[in-house]
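Visitor: Chain by chain, the residues:
Protein chains: 2
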Amino acid sequence: MIQVAVMGHGVVGSGVTEILLKHSEEIAKKVQEEIYIKKVLDLREFPDSPIADRFTKNFDDIINDDEIKIVVEVMGGLNPAYDFVKKCLENGKSVVTSNKELVAAKGAELLKIAEQNNINFLFEASVGGGIPIIRPLNQCLAANDVYEIDGILNGTTNYILAKMIKESTSFEDALARAQQKGYAERNPAADIEGHDACRKICILASLVFGKHVYPDSVHTEGITKVSLTDVEYAAAWGGVVKLIGSVKLTDGKQEIIVAPMFVSDECQLSSVDGVFNAILVKGDSTGDVVFYGKGAGKLPTASAVVADVMDCVNHQTARRNIIWEDGNADNILPFEQTKYAMYVLANAENTEEALAAADGAFGKVEKLTRKNAEENELAFVTPVLTYADFEKAVEKFEQSGAKVVSNIRVAVI
Amino acid sequence: MIQVAVMGHGVVGSGVTEILLKHSEEIAKKVQEEIYIKKVLDLREFPDSPIADRFTKNFDDIINDDEIKIVVEVMGGLNPAYDFVKKCLENGKSVVTSNKELVAAKGAELLKIAEQNNINFLFEASVGGGIPIIRPLNQCLAANDVYEIDGILNGTTNYILAKMIKESTSFEDALARAQQKGYAERNPAADIEGHDACRKICILASLVFGKHVYPDSVHTEGITKVSLTDVEYAAAWGGVVKLIGSVKLTDGKQEIIVAPMFVSDECQLSSVDGVFNAILVKGDSTGDVVFYGKGAGKLPTASAVVADVMDCVNHQTARRNIIWEDGNADNILPFEQTKYAMYVLANAENTEEALAAADGAFGKVEKLTRKNAEENELAFVTPVLTYADFEKAVEKFEQSGAKVVSNIRVAVI
Chain X
0 MIQVAVMGHG VVGSGVTEIL LKHSEEIAKK VQEEIYIKKV LDLREFPDSP IADRFTKNFD
60 DIINDDEIKI VVEVMGGLNP AYDFVKKCLE NGKSVVTSNK ELVAAKGAEL LKIAEQNNIN
120 FLFEASVGGG IPIIRPLNQC LAANDVYEID GILNGTTNYI LAKMIKESTS FEDALARAQQ
180 KGYAERNPAA DIEGHDACRK ICILASLVFG KHVYPDSVHT EGITKVSLTD VEYAAAWGGV
240 VKLIGSVKLT DGKQEIIVAP MFVSDECQLS SVDGVFNAIL VKGDSTGDVV FYGKGAGKLP
300 TASAVVADVM DCVNHQTARR NIIWEDGNAD NILPFEQTKY AMYVLANAEN TEEALAAADG
360 AFGKVEKLTR KNAEENELAF VTPVLTYADF EKAVEKFEQS GAKVVSNIRV AVI
Chain P
0 MIQVAVMGHG VVGSGVTEIL LKHSEEIAKK VQEEIYIKKV LDLREFPDSP IADRFTKNFD
60 DIINDDEIKI VVEVMGGLNP AYDFVKKCLE NGKSVVTSNK ELVAAKGAEL LKIAEQNNIN
120 FLFEASVGGG IPIIRPLNQC LAANDVYEID GILNGTTNYI LAKMIKESTS FEDALARAQQ
180 KGYAERNPAA DIEGHDACRK ICILASLVFG KHVYPDSVHT EGITKVSLTD VEYAAAWGGV
240 VKLIGSVKLT DGKQEIIVAP MFVSDECQLS SVDGVFNAIL VKGDSTGDVV FYGKGAGKLP
300 TASAVVADVM DCVNHQTARR NIIWEDGNAD NILPFEQTKY AMYVLANAEN TEEALAAADG
360 AFGKVEKLTR KNAEENELAF VTPVLTYADF EKAVEKFEQS GAKVVSNIRV AVI
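From first to last, the protein sequence lines stand for chains X and P. So the first sequence is residues 0 to 412, counted in numbering that gives the first Met the number 0. So the second sequence is residues 0 to 412, counted in numbering that gives the first Met the number 0.
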């Protein structure tokens, strides 16, 4: 029998205990050992839980219990999760977490402590919820040079964008609907501003390229500025607007970004609907591989956590070789040097003249048209250029009297 | 340093040695041990290989070499692969294979020998080529009850069907094109008759439900009878024709089949194009998860093989817990009891009367229409019914004078 503790009894945490209790026999059969939940840490009371007597409000009950070998951290947030997890690892307890904020902020440090103590720190559930991605990247694709990852990493924003695309719902109404359905938090900033997707692409980038990428070194744009007009022009161009987290190697540096992008209808990521996530991995040997599924939710995420717990049981002596070094902003390609073709929406008194000015400023642009366009509206896609050059070109273009209203990158996937 | 042998230097085998040589440093770093190819077994000569001096035509050079700890079998076919692999396992050598025919025919037996000898028998590459699927099923989704798998498991047939769907190319022309492009063998029977897809769904079914499913107990239909008319009616119905391998639990038995099916445009599998594969896994906790990528090809398949070799190196003492029991046809739901709605294409002198007869025979059917339909043509979709009842209903229907030309299942995915 192996004893575990679960820190946090919220959505994911209650799912973890539910699965561990409900599937205890099958799980014991698979790992050839019974998994026993000895403690659940939560400040709230859950008198109706079948294991109500094992709840505690005191972390000391976990850290001081030498029989507890594996600790599940599903509290979320950086504090006190970071402090608790660190102490567990330092005390020789393997840790499994679904906490993307924690892994994105402290992954390198915690992995190092785990390595020093010859125990496991696993976090499959931190990216893609129930979609297997960390383990496949680390093991199945181990013989590959993975050189690029592009993903729809946040279900809430994908739900909102899909509503805008398919039902011409405005951003505000789509967000309200997502909140009604429980897909978006009452304070939705972490989702709609792109921070959640940013943490996930940071974790994937760190894992694949071996150097920790911190969220604050990643250029991150949310979807709050995306309009129905943009969505219509994306369709006219032959694609859809998706919030993409992307990382690839460019000149030995990580080119990493989170931003809404035009994604071609030809691309597998374009058809990802609703709250689903999809992660496209490009490897030198495998070519394109896509992982698709629900990126969040109680049971999908909890099942990924439990699978990690089972992996810990299977690897009590020979730990999982997951590790990355610390990193810093020097490993990141400066945002101004990233290159994209840009969709531009502008207002101009004379759109013919403005188009000529656009050609002059950006290089030959591709004009886009839509039904019921406003009279003063001009939309086009520029050639590929660095963001620094794009900003200069915008300045030059606006000297013609035109005014840029919106711009969105065209994904190169 | 760990010494390996590679049996077979064909497409996949040459890819394996290429990756092991080209990526030797990164691989050694990842598994913390150098992997050395000591022998390559092939009856042909490869004087230009950088390791030409390590080739042998004699299996004894491998089986009698106690320094060789891991053997890669990429010869394909059942014989002599089965004999060689069995001897390797019995002699304490872990085996990695991409040979789906071998695993589908002898998996339970070989896994048992591996277990008895506390070594690994791994076969990630046998299903889905470079798409990670065996390991995610066995590990990442371990905390799930996986209750259904549906997959596009054969790239050749998917390429042919996609040509028929998108370019209205006839089956024969699409097959010829696939052969020109090297996607189909000169003797394409294993692909177009569904045997290849059948082996793969057998492996997945055995892994997930724990009892070996032998290919000869699976009802298997290929795509040779699918016509452009069927493809047009699928579009009229709101979907596409795909060759689907499917397994699910029904009344405690495995309901398993390989057949062309109507797949709704709403389903993720409908958009899988060209030579790509996609495998949809349904679990009680995760919901739907899809794995997508190139299902074949030299480097994708070889990279999956090498990843398994690396996993063997990492698990020299604690073997991977992959195992399933032997099974027999009693575990399989008899084909006549499987239930599907059926698309039916018929000829009738009076299509109005025939439609009424169809309602009488099958229960209320859904009529389908297409442009430029022949005068005597009638197409419809029946209610869901067992295959036994379908056959009886066809007999009754044909008593009206109508003649069934084609029938295809409607996938329930």
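One should not assume that every hint holds.
Remember, identical chains collapse to one label, so a pair may be satisfied in a single copy or spanning two.
Subject to a maximum C-alpha distance of 25 Å in a straight line, what follows is the list of computed DSS-like cross-link-like pairs (lysine-lysine) [said to hold, decoys possible]:
1. 210 <-> 252
2. 366 <-> 180
3. 297 <-> 21
4. 281 <-> 21
Keep in mind that the hints were calculated from the coordinates and are not lab data. Keep in mind the model is a prediction, meaning the values are calculated, not measured.
Visitor: Does each hint hold? Answer for all of them.
Guide: Structure-based check of all given hints:
Taking the shortest alpha-carbon separations for residue 210 and residue 252, only the intra-copy value of 11 Å comes in at or below 25 Å, while the best inter-copy value is 48 Å. In this assembly of identical chains, the alpha carbons of residue 366 and residue 180 never lie at most 25 Å apart, being 38 Å within a copy and 37 Å across copies at closest. In this assembly of identical chains, the alpha carbons of residue 297 and residue 21 lie at most 25 Å apart only when taken from the same copy (15 Å versus 43 Å across copies). With identical chains, the CA atoms of residue 281 and residue 21 are at most 25 Å apart between copies only, with a shortest distance of 18 Å across copies and 38 Å within one.
Hint compliance for this structure: hint 2 is the single one not met.
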